[in-house]
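There are 2 protein chains.
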Amino acid sequence: MIKKLSVLVCSASFAALPLSAQDAKPEYLSPPEIVAKAKAEEWVAIAPSDLLVMDLAPDAKGKARRVVIQLMPAPFSQGWVGNIRKLAAAKWWDGTSINRVQDNYVVQWGDATEKKALPEGLMTVPESAYVAATELKLNMDRLDAFLPSFHESFPEFAKQFPETRNASQSEMSKRFRKTLKSDLYADANMMVEGWPVAFDLKGSHWPTHCYGMVGVGRNLSPDTGTGAELYAVIGHAPRHLDRNIALVGRVIEGIEHLSSLPRGTGPLGFYEKEEERVQISSMRLGNEITDQPTFEYLSTDSVSFAAYADARANRRDPFFITPAGGADICNIPVPVRRKAK
Amino acid sequence: MIKKLSVLVCSASFAALPLSAQDAKPEYLSPPEIVAKAKAEEWVAIAPSDLLVMDLAPDAKGKARRVVIQLMPAPFSQGWVGNIRKLAAAKWWDGTSINRVQDNYVVQWGDATEKKALPEGLMTVPESAYVAATELKLNMDRLDAFLPSFHESFPEFAKQFPETRNASQSEMSKRFRKTLKSDLYADANMMVEGWPVAFDLKGSHWPTHCYGMVGVGRNLSPDTGTGAELYAVIGHAPRHLDRNIALVGRVIEGIEHLSSLPRGTGPLGFYEKEEERVQISSMRLGNEITDQPTFEYLSTDSVSFAAYADARANRRDPFFITPAGGADICNIPVPVRRKAK
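Chains as they are written, first to last, in this note's numbering: chain A, 79 to 419; chain B, 79 to 419.
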């Protein structure tokens, strides 16, 4: 069964394939297998009011296209997120369109005419809000302070996940420290309440531009954008945009309706003809949608997430020969799934 | 003109847009502007015999779809590359298909039936060939040894690129060292003859899984694949595959014909129905194609490449407020273009 499935599963949203009888029993679980084994209480429900649901016009075959975005929680970008809530309440995006698809970069949507009046009461957010202050003043010599949940939970972790049986607590700690310190665009990073976040030594932190993240288009500084013009990342993490544009959320379902769109042939991937644009039928907060499924994410403070992140950085499942020994934060996507009814 | 073009250009293949009169004259060049200014002699032609040209069946609108791949040079993966040359000569891929498109991961093609006989004389390549030995035994304290061209060329660099006018040679050297040492999946990395390459301290080096790279599908170890089953990366760099699968090249034109394909709905993104598969009309070496355009890449030893890489890691062009101060090797794509006739 596994024959010719060649490159192994990467996305946590796919269940691992059963191994056929002649294959050796795996010694170690793959990242998706670890996620599948996580306990129900390790998952955190996402409030429907924190979802932004975008329905595109049906595709050429008449199939519905729904994209579900989870909005960014405090302390990040709340000025723009507030604007987005107002824009959704005003049904402002209905009838607007996707206007730009640049390969290995972004899909961007909003009002192509640039003339549609914005609802009243939108906030002008200052550039200082691209980052948030944190009380966690980073001390690079005391990174273990960031890992309390790991240290507390190590015995249970080792019991649950036999792949740690050959690793001492100090070895595991060393691995986590390496991952935490390893950010080429910041002094450090860590997952904070389900989101990838970068830190500097001055007491600031900010969300990171990973695949699927949603941000706010803007003009040249000091403009910061309103939130009416949005984009989603569909390529290698453009981390150079961190701290330069506001991130307001991430796509948690239906990104294929954006990432598989034809690339625009104009400068920056803009569509050159009106008929190339993809119409947005509606965009609403999740609590305004009938029968909106509930989503949940794997708590990034959970033992299972720690095991998952470690496995992403150190692949030991059967396909792999040489574990990398590290991973960048955008290569450890936070597992999100529909909550079982 | 630049209004609403929001997220700035990322790809080196787009020319910078002209600024309108009211915009301030940029103090610093953007990465694409630096590439556009590179001298003719800084570009290196790619031999047509090192190209693998894949023609897909025309799209729904009858438009041709050609994907051009540059094959990996020695010392990397030459066993598989040799097999690929034989497969192309035997027209083995003609009539096969793209069978898998997994979002944020890979597009994979080959014989969906798994029954098509392979040409004779293909080599079985050992796993040891996933890496190559290098005489450059890495000494982390002497990384400057990797940067001779930069040190030799700094005066010319500073003259050509006014953005360095505020940076001393030692500052520039520090920036390069930071970039070079910054690899979360290896001890170090650098560009080698136009390719992104990672190094370990033991004297090995290997190409890295960046966006657009092409690799060889395989079964479980010790299988290493023949080269008949290929994939291209269409998402965030899956660097955990480095040293675990052979990389044999990269897409240099037409990747949008792969990355914008509908995602497969089966496990691992395989297409579930035969009619979803995209037929491969032909796949040939570039020297067997009539009117094959010549491509060239910006020499990664050139002064312009050094300036480009530095600008990718430290964006100072008008859109940016806070330069990142670093970049991962997959966020510094090597510029490739058609050679002017």
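Check before you lean on any hint, since a few could be wrong.
Note that the list lumps identical chains together, so a pair holds whenever it fits in one copy or between two copies.
[Claimed, not checked] Listed next, the in silico DSS-like pairs over lysine-lysine satisfying Cα-Cα at most 27 Å (straight line):
{"no.": "1", "residue 1": "193", "residue 2": "139"}
{"no.": "2", "residue 1": "115", "residue 2": "193"}
{"no.": "3", "residue 1": "419", "residue 2": "141"}
{"no.": "4", "residue 1": "115", "residue 2": "194"}
{"no.": "5", "residue 1": "280", "residue 2": "117"}
{"no.": "6", "residue 1": "194", "residue 2": "351"}
Please keep in mind that the hints were generated in silico from the structure rather than gathered at the bench.
Hint by hint, here is what the structure shows:
Within a single copy, residue 193 and residue 139 get their C-alpha atoms no closer than 32 Å, and across copies no closer than 32 Å, so neither meets the 27 Å cut-off. Taking CA atoms no more than 27 Å apart as the test, residue 115 paired with residue 193 passes in neither setting, with 51 Å inside one copy and 36 Å between copies. Only within a single protomer do residue 419 and residue 141 lie at most 27 Å apart by alpha-carbon distance; the minimum there is 25 Å, versus 45 Å between protomers. For the homomeric pair residue 115 and residue 194, neither the shortest alpha-carbon distance inside one copy (49 Å) nor that between copies (39 Å) is at most 27 Å.
Taking the shortest alpha-carbon separations for residue 280 and residue 117, neither the intra-copy value of 37 Å nor the inter-copy value of 41 Å comes in at or below 27 Å. Within a single copy, residue 194 and residue 351 get their C-alpha atoms as close as 19 Å, which meets the 27 Å cut-off; across copies the closest is 43 Å, which misses it.
When each numbered hint is compared with the structure, violations occur for hints 1, 2, 4 and 5.
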